[in-house]
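Trainee: Spelled out from the first residue to the last, the chains are:
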Amino acid sequence: MVRLKEGEVRIPSGCAIAGILNQKGTCFSGDRIISCIASMRQRSNGLGGGFAAYGIYPQYEKQYALHLYYDHEKARSESETLLNRNFKICYAEPIPVRKNSRVGEAPLAWRYFADPREERLQEQGMDEEEFMVGMVMQINSGIAGAFIASSGHNMGAFKGMAYPEDIGDYFRLDEYRAYLWTAHGRFPTNTPGWWGGAHPFTLLDWSVVHNGEISSYGSNRRFLEMFGYRCSLQTDTEVIAYIFDFLMRREGLGLDDTVKIIAATFWEDMGDRKLAWLRHRYSSLLLNGPFSIIVATGNGMAAVNDRIKLRPLVAACKDDFLYISSEEAAIRKVEPVLDKLWSPSGGEPVIGLIDNKVGLLEPKLNGVFIRSA
Amino acid sequence: MALTMLAPVFKVEREESRCIKCGVCVQQCANEVHHLDNGWMWTNDEECVACQRCVSLCPAQALAIKEYPLSFRVNSHWTPATIREIYAQADSGGVLLAGMGNPRSYKSYFDHLLLNASQVTNPSIDPLREPMELNTSLGNKTGSSELSEKPLISLRLPIMFSAMSFGSVSLNVHKSLSRAAYAMGTLWNTGEGGLHPDLFSYKDNAVVQVASGRFGVHPAYLENSAVIEIKIGQGAKPGIGGHLPGAKVSEEVARTRMIPAWSDAISPAPHHDIYSIEDLAQLIETLKVATGYKKPIAVKVAAVHNISAIASGVVRAGADILAIDGFRGATGAAPMRIRDHVGIPIEIALAQVDSRLRDEGIRQQVSLVAAGGIRNSADVVKAIALGADAVYIATAALIALGCHLCQMCFTGKCNWGIATTRPDLSRRLNPEVGAKRAQNLLQAWEHEIKEIMGAMGINAIDSLRGNRLMLRGIGLGPEELKILGVKAAGEEG
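Chains as they are written, first to last, in the working numbering: chain A, 1 to 373; chain B, 374 to 866.
There may be inaccurate statements among the hints.
Derived DEER-like restraints, expressed as beta-carbon distance ranges [what the hints assert, rightly or not]:
#1 A:Val97 / B:Ser518: 48 to 58 Å
#2 A:Asp320 / B:Glu824: 45 to 55 Å
#3 A:Ala144 / B:Gly866: 14 to 24 Å
#4 A:Asp269 / B:Arg391: 55 to 65 Å
#5 A:Asp320 / B:Gly734: 57 to 67 Å
#6 A:Arg41 / B:Ala861: 35 to 45 Å
#7 B:Glu824 / A:Val97: 29 to 39 Å
#8 B:Asn448 / A:Trp267: 37 to 47 Å
#9 A:Arg230 / B:Ser518: 26 to 36 Å
#10 B:Leu520 / A:Ala144: 41 to 51 Å
Hints in this document: simulated from the structure, not taken from any laboratory. Cβ atoms here follow ideal geometry from the backbone N, Cα and C, with glycine treated the same way.
Turn these sequences into a full structure, and let the hints steer you where they fit.
Mentor: As structure tokens, then:
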């Protein structure tokens, strides 16, 4: 039987998601997020798990941290030729792993800390970010057997085809310290066939973990394609990441507006002219169907449900920490006593920002949305 | 009567034992099929068009209209219709006229598309419990902020009544459809015959047409509208103008159209000020200037072979709404050969145009309205999934008002009071009843669309638009699937 890989076929999934953030930017070990996601094991089926960690590479803060997966050495040499042509690579190494029997056949995982070559940027007439997006798309869809798992600053994605806690152990996440962690346990309805299909899905500093199936996928995808995005993975999550990138980076919208586009106010409740305009202009980016997502970037995370809350999502605060999870139990597992715990309404975002850190995740209107704590 | 080789097409059967000789059929038939002479009922079958008016109104249920028993030897190339058409042309030496839309058995792509539904991995949504949004806005969506937003028209549901001119249809049809459009929060369309002063109060729901004859176009007409539509072509007769026979141009029609009464109203085939795309751009701009940039300008074209290039040109010429009328689109009168052989299906044209406009990055500048042969709510859903923002319906609306599709609109003798301007016939359509029936139809479709969307797990029509993954083709070849941009039934994704 020829088994189709994720990207050649679209695979609906159920899932667990979790996120932990320290508002002061203090870094903490990956143990907590692993313990949190592990307690929701029943929501996964061993065919996908992963983590995004922010603040893990302070020594290479200025460089793009590229995590690459290779199916074979040929893919590595091809990719490295391309990388060397386009980047000055400060440091490269295999990502350290701890083999365990619960993680099956794994691809080679490498990381590179790199700066785009100035002359290449000039040739292409692009800014750094456009250039990076182009490189990611080129490698992911152009080099057989190679996949960029993450491509942001001072962050990385670690993911694969196993239960999330086993992936965490495999990548030795207990040895990393980050101020923001997100995690995902997946229950795909089909075998993804490769590690690239696991969550989180990332682009530049963005990472998305997502629980749900987007029934608007066809509309969303065709809209994004008008602006040069190529949805090579055919996953809902990929589309969500591109929507955030498109609206916040390319269209320059604030997070609050972005949330009001993907989980739009119902017309019968629409009082605000600006919201109506956003809905008119970006109606094809409404995310329909059940979802809960956590979108993270260098300066914080935001979680949001579909507008009629068809998937679980709870949030909690304790001191400087913001917790987000599919289930309350997973939060209580790592923080039994909480200052505050609530279940956000459909379409109502929970936003946690890191103090004194500038980034894309910045509400441009004041007073409309809840900030964490 | 002169010698004719034509045999009747229909046969009127009267059950003598039931007939009470009340004479209703005699009064009702404008074609003078039924006669009552000194207590003797007789019929002239040759004039019967099978409009079923007498059958519906006969209080004794004594009437039935049947196809005339086969009078030609079986021949699958020279069919009875073909033979009759030749007799008719040999009699008259003229072009064959036809009414309503292409009735031939071409493939209906709507009937080869199947819809999706949610199961397990994705919950379906119950429209009785959850909000289900069909709200649709039409116009250019590229305004860069709420302050520079281009004029948009908001509809409560993505179904509008298509163009039918006063003159081709009775004023009571306009009254019925305008009231129904108002009640349902959608638009009706004046067609090219002007806007009767009685209907100025429905201006916020009116699409007013500017067509090649420029009938009834004056400043107040343009102002009294929600949208102005430049009619370039019509699915029933692409490339052909219009001809309203003088007999239908009553005093009131004449006043509304601003032409002399009882004179033929000829719409030229092209607009004589539009011989090229840049001329269209000028007319669009002229209309925008004339109305202070406050209204979306629509352009309606027939679906023809190069429709995607044409569509792209129309959008670049500044149209805010592009209406495409497929080859099933109807008419009050068209040359039969044109109606039956020119143009392409709306499903194909729509898919092609939506894809082309996206490829060119100009899809956001325009709303797409699909027209021509949309029969039910499933067709509406399929059209929207293929890429339409909204649809136009006309034949379905007329059927709701009583049309029985006899296809003889051009005679002006419509027994249902629809395609006629004769006062004795048009008063048969009570506009209050008509409005209610047209409204009921939209309401019924609205409910059905909500059910279909809920089953798909979609609660806003925005997420259905262009969502071709909600469609699967059945019984279509690879070329057809490619053009429609849909996968075959059984393909995952």
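Trainee: The structure should be examined with respect to each hint, and the outcome stated for every one.
Mentor: Status of the hints after comparison with the structure:
1. The hinted window of 48 to 58 Å between A:Val97 and B:Ser518 holds, with their beta carbons roughly 50 Å apart.
2. As the Cβ distance of A:Asp320 to B:Glu824 is approximately 49 Å, the hint placing it in 45 to 55 Å holds.
3. Between A:Ala144 and B:Gly866, the C-beta spacing of about 21 Å keeps the proposed range 14 to 24 Å intact.
4. Range check, A:Asp269 to B:Arg391: Cβ separation about 59 Å, and the 55 to 65 Å hint holds.
5. A hinted range of 57 to 67 Å is violated for the C-beta pair A:Asp320 and B:Gly734, which are about 45 Å apart.
6. The beta-carbon spacing between A:Arg41 and B:Ala861, approximately 38 Å, falls within the hinted interval of 35 to 45 Å.
7. Checking the proposed 29 to 39 Å range against B:Glu824 and A:Val97 shows it is violated: the Cβ atoms sit about 51 Å from each other.
8. Under the hint 37 to 47 Å, the C-beta atoms of B:Asn448 and A:Trp267, about 58 Å apart, miss the expected range.
9. Between A:Arg230 and B:Ser518 the C-beta distance comes to about 29 Å, which sits within the given range of 26 to 36 Å.
10. Restraint check, B:Leu520 to A:Ala144: a C-beta distance of roughly 49 Å satisfies the suggested window 41 to 51 Å.
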